[in-house]
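Chemist: Below are the chains, spelled out letter by letter.
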Amino acid sequence: MTMAWIEAVNDFIAQGGPVVKLILVAAVLLWTLVTERYLFFLWVYPRLRRQWLQRWNQRRDKHSWYALKIRERLISEARLQLRRTLPLIKILVSLSPLLGLFGTVNGMIHMFDALAVFGTGNARAMATHISQATLPTLAGMTQAIAGLYASQRIERRVEAATRHLSDQLHFE
Amino acid sequence: MRILTWLLAACLLLPVSAAAADLDQLLAEVKRQQIRLSQVDRQREARFLAEKQHRQQLLAEAKARLKALEKQAEALKAEFEANRQELLKLEEKLQASSGVLGEIVGTVRQVAGDLKADLQQSLVSAQYPGRAARLAPIADSKRLPTLEQLHTLWTLMLEEMTEAGKVVRFQREILASDGKPFETDVVRIGVFNAIAAPGYLRYLPETEQLMVLSRQPEGKPLRLARDFLHAQGDRAPVAIDPTRGVFLEMLTHTPNAWERIQQGGLIGYIILALGAIGLAIVAVRLAVLWGVGKRVEAQLADVEQPRDDNPLGRIFLTALGAKSTDPETLEALLDEAILREIPPLERGQSLVKLLAAVAPLLGLLGTVTGMIQTFQAISLFGTGDPKLMAGGISQALVTTMLGLSVAIPLLFLHALLASRSRTIVSILEEQSAGLVSQILEKRRG
Numbered sequence: 001m002t003m004a005w006i007e008a009v010n011d012f013i014a015q016g017g018p019v020v021k022l023i024l025v026a027a028v029l030l031w032t033l034v035t036e037r038y039l040f041f042l043w044v045y046p047r048l049r050r051q052w053l054q055r056w057n058q059r060r061d062k063h064s065w066y067a068l069k070i071r072e073r074l075i076s077e078a079r080l081q082l083r084r085t086l087p088l089i090k091i092l093v094s095l096s097p098l099l100g101l102f103g104t105v106n107g108m109i110h111m112f113d114a115l116a117v118f119g120t121g122n123a124r125a126m127a128t129h130i131s132q133a134t135l136p137t138l139a140g141m142t143q144a145i146a147g148l149y150a151s152q153r154i155e156r157r158v159e160a161a162t163r164h165l166s167d168q169l170h171f172e
Numbered sequence: 173m174r175i176l177t178w179l180l181a182a183c184l185l186l187p188v189s190a191a192a193a194d195l196d197q198l199l200a201e202v203k204r205q206q207i208r209l210s211q212v213d214r215q216r217e218a219r220f221l222a223e224k225q226h227r228q229q230l231l232a233e234a235k236a237r238l239k240a241l242e243k244q245a246e247a248l249k250a251e252f253e254a255n256r257q258e259l260l261k262l263e264e265k266l267q268a269s270s271g272v273l274g275e276i277v278g279t280v281r282q283v284a285g286d287l288k289a290d291l292q293q294s295l296v297s298a299q300y301p302g303r304a305a306r307l308a309p310i311a312d313s314k315r316l317p318t319l320e321q322l323h324t325l326w327t328l329m330l331e332e333m334t335e336a337g338k339v340v341r342f343q344r345e346i347l348a349s350d351g352k353p354f355e356t357d358v359v360r361i362g363v364f365n366a367i368a369a370p371g372y373l374r375y376l377p378e379t380e381q382l383m384v385l386s387r388q389p390e391g392k393p394l395r396l397a398r399d400f401l402h403a404q405g406d407r408a409p410v411a412i413d414p415t416r417g418v419f420l421e422m423l424t425h426t427p428n429a430w431e432r433i434q435q436g437g438l439i440g441y442i443i444l445a446l447g448a449i450g451l452a453i454v455a456v457r458l459a460v461l462w463g464v465g466k467r468v469e470a471q472l473a474d475v476e477q478p479r480d481d482n483p484l485g486r487i488f489l490t491a492l493g494a495k496s497t498d499p500e501t502l503e504a505l506l507d508e509a510i511l512r513e514i515p516p517l518e519r520g521q522s523l524v525k526l527l528a529a530v531a532p533l534l535g536l537l538g539t540v541t542g543m544i545q546t547f548q549a550i551s552l553f554g555t556g557d558p559k560l561m562a563g564g565i566s567q568a569l570v571t572t573m574l575g576l577s578v579a580i581p582l583l584f585l586h587a588l589l590a591s592r593s594r595t596i597v598s599i600l601e602e603q604s605a606g607l608v609s610q611i612l613e614k615r616r617g
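Line order of the protein sequences matches chains A and B. Each step along the first sequence adds one to the number in this note's numbering, with nothing skipped, and position 28 is 28. Each step along the second sequence adds one to the number in this note's numbering, with nothing skipped, and position 265 is 437.
You may find that some hints are simply not true.
Not everything, but these chain A residues come out facing chain B in the computed CB check (under 7 Å) [unchecked claim]:
#1 HIS63
#2 TYR66
#3 LYS69
#4 GLU72
#5 ARG73
#6 ILE91
#7 VAL105
#8 ASN106
#9 MET108
#10 ILE109
#11 ASP113
#12 VAL117
#13 MET141
Selected chain B positions facing chain A (Cβ under 7 Å, derived; list incomplete) [what the hints assert, rightly or not]:
#14 ASP286
#15 LYS559
#16 ALA562
#17 GLY563
#18 SER566
#19 LEU569
#20 MET573
#21 LEU576
#22 ILE580
#23 PHE584
#24 GLN603
#25 ALA605
#26 GLY606
#27 ILE611
#28 GLU613
To be clear, the hints were calculated from the coordinates, so they are not data collected in a lab. Just so it is clear, CB atoms sit at the ideal spot from N, CA and C, and this is done for glycine as well.
Only chain A is shown next, with the shape it has when bound in the complex:
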């Protein structure tokens, strides 16, 4: 089962050329980061939030300028923690179509090379290269769309969590 799966991926890479491999690496990195964020929301963040709430609630002074700044600091720290890998996820998402385009241009160059060697007579050699040229775009687009959705979800989650935290840190 897994062998068949690996074989299918290998076939896809072989068909799409080296750039697809690069897209695949980007995909693995992207989804690892996304999974890491979700696990962070699930396990790490609740504990951190409890610590921050505890630190705030232990304070007697909750209304001076100092208290305001300390509260801001707590929220900022939380946001930094929550957003930690989000920029990387976003850049991976935006790079995917570019990588696809790169693969396409590469495939087109190969196609025109084949054309230069064989002339227009060998339609089969040409078709192989065109399919090789279009596969990276397909891969890049698919990844970008799925990644965009994931990154938007995380972004919203970060905002919600930050808002929730600032609501809980009562400033009198």
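Put chain B on the given structure of chain A with help from the hints.
Modeler: Okay, now just chain B, sitting in the frame of chain A:
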């Protein structure tokens, strides 16, 4: 009549002046003569009659012979006609039977010619050289092929068929890519590919020799081929070229990475230079930010001792050194200190971003100029040669590829830089005031 004439002549010849005495004599003489003459005449007549009879007999004889001969001729003519008819029939029969045979000879010759061409191009001939030459006498001669030649044709055809389905290993002298011959183990996979230790081989039909491909396919196909040489057991994976060498041939024509970059021309070099500059800036800035980040984190862990080797510590020093602890003064002081610290952190980022944006544009420029050149070539030479056009377009696209291959890593690295510096900046902007408050509260107790 003739006799009468003779008589007249004789009378006229008589001498008129002869004596009368002589006349009786003369008369007697004439009578005598007359008798003699008539005797002669009778004799002649008889002779003539006999002759006539003889002739008539001869004529009859001849006529009879003619008749017989005519009869004979008739018979012979009939026989001749019959023979002629039979001859025609036989000739027709001969033509019919030799016609089929002629067709067969033609077919044999054609098949031999085809097979000769096939064997010349076939990879199997590298293992068994000289096979095509054995077919030459059949294909080229005008005479009927001998039974032996027919057998040769048959066995060669069978041999080619069976060999086409085999994977065999044999010793053979092959040519290195620089043309030097050397002896080595060769594995032939059907009629598709031949592999030796240096990699895939090319078959040269003219000399029936194998030559190492000047450029081997990269990566997996070559690795598989080399592993296949030492494969144990009866099954091993290998990559073959089903076009019998056309794809491998194409491979030797495709330029490698460096040749490809050279195709990009001046614009290609400019793009690469910009990329190198961008990478250098990124490297320096990442090192700087990494150092600053480390020191800021150290300072965060040890808030009590502000040091002036990091932005956060300098802000602390400014805030704690203030004479008054009035919030408004403090806020103004902090803002000023933070504003001073941010620009050095974000230095170089806009340039990297600019380079990342310019590289694809330059690539586009290169593509457009390349296309212009291509179309100029077309306007000169027409579209008759698609190869000319395709080569130009492929070159034009190289700059686009270079632009993208510079822009993608630069964008990625810019994002890394930006996120790193933003983290530090947000610590300075949003957390420094809180930290200062914390310190002051602690000192006050």
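Chemist: For each hint, tell me whether it holds in the structure or not.
Modeler: Checked hints:
1. Taken as an interface hint, A:HIS63 does not check out: its beta carbon lies about 12 Å from the nearest beta carbon of chain B, beyond 7 Å.
2. The restraint placing A:TYR66 at the interface with chain B holds, with a minimum CB-CB distance near 4 Å, inside the 7 Å limit.
3. Evaluation of the A:LYS69 hint against chain B yields a held restraint, the C-beta minimum of about 4 Å falling below 7 Å.
4. Because the closest C-beta pair between A:GLU72 and chain B is about 6 Å apart, less than 7 Å, the hint holds.
5. Look at A:ARG73: its Cβ gets to within about 3 Å of chain B, closer than 7 Å, so that hint holds up.
6. For A:ILE91, the suggested interface contact is upheld, since its CB lies about 4 Å from the closest CB of chain B, less than 7 Å.
7. Restraint check, A:VAL105 versus chain B: the minimum CB separation of about 5 Å is within 7 Å; hint holds.
8. Against a cut-off of 7 Å between C-beta atoms, the interface hint on A:ASN106 holds, since the closest Cβ of chain B lies about 6 Å away.
9. Look at A:MET108: its Cβ gets to within about 6 Å of chain B, closer than 7 Å, so that hint holds up.
10. The interface hint given for A:ILE109 holds, since its Cβ lies 5 Å from the closest Cβ of chain B, which is under the 7 Å cut-off.
11. The closest approach between the C-beta of A:ASP113 and any C-beta of chain B is roughly 5 Å, which is under the 7 Å cut-off, so the hint is satisfied.
12. Against a cut-off of 7 Å between C-beta atoms, the interface hint on A:VAL117 holds, since the closest Cβ of chain B lies about 5 Å away.
13. For A:MET141, the shortest C-beta to C-beta distance to chain B is roughly 16 Å, which exceeds 7 Å, and the interface hint is violated.
14. Proximity of B:ASP286 to chain A is violated relative to the hint, the smallest CB-CB distance being about 23 Å (cut-off 7 Å).
15. At about 5 Å, the closest approach between the beta carbon of B:LYS559 and any beta carbon in chain A falls short of 7 Å, and the interface hint on this residue holds.
16. Here the hint on B:ALA562 is kept, as its CB sits about 3 Å from the closest CB of chain A, short of 7 Å.
17. A distance limit of 7 Å between C-beta atoms decides the matter here; for B:GLY563 the minimum to chain A is near 4 Å, and the interface restraint holds.
18. Hint on B:SER566 holds. Least Cβ distance to chain A is approximately 3 Å, under the 7 Å limit.
19. Hint status for B:LEU569: holds, given a least beta-carbon distance of 5 Å to chain A, under 7 Å.
20. Nearest Cβ of chain A to the Cβ of B:MET573: about 5 Å, under the 7 Å cut. The hint holds.
21. About 4 Å separates the beta-carbon of B:LEU576 from the nearest beta-carbon of chain A, less than 7 Å, and the hint is met.
22. The closest approach between the C-beta of B:ILE580 and any C-beta of chain A is roughly 5 Å, which is under the 7 Å cut-off, so the hint is satisfied.
23. Among the interface hints, the one on B:PHE584 holds; its C-beta lies about 6 Å from the nearest C-beta in chain A, closer than the 7 Å criterion.
24. Given the 7 Å rule on beta carbons, the hint for B:GLN603 holds: about 4 Å separates it from the nearest Cβ of chain A.
25. Proximity of B:ALA605 to chain A holds as hinted, the smallest CB-CB distance being about 4 Å (cut-off 7 Å).
26. Checking B:GLY606 against chain A by beta carbon gives a least distance of about 3 Å; that is within 7 Å, so the hint holds.
27. A cut of 7 Å between beta carbons decides the hint on B:ILE611: the least distance to chain A is about 10 Å, and the hint is violated.
28. The closest approach between the C-beta of B:GLU613 and any C-beta of chain A is roughly 6 Å, which is under the 7 Å cut-off, so the hint is satisfied.
The structure fails to meet hints 1, 13, 14, 27 from the earlier list, while all remaining hints are met.
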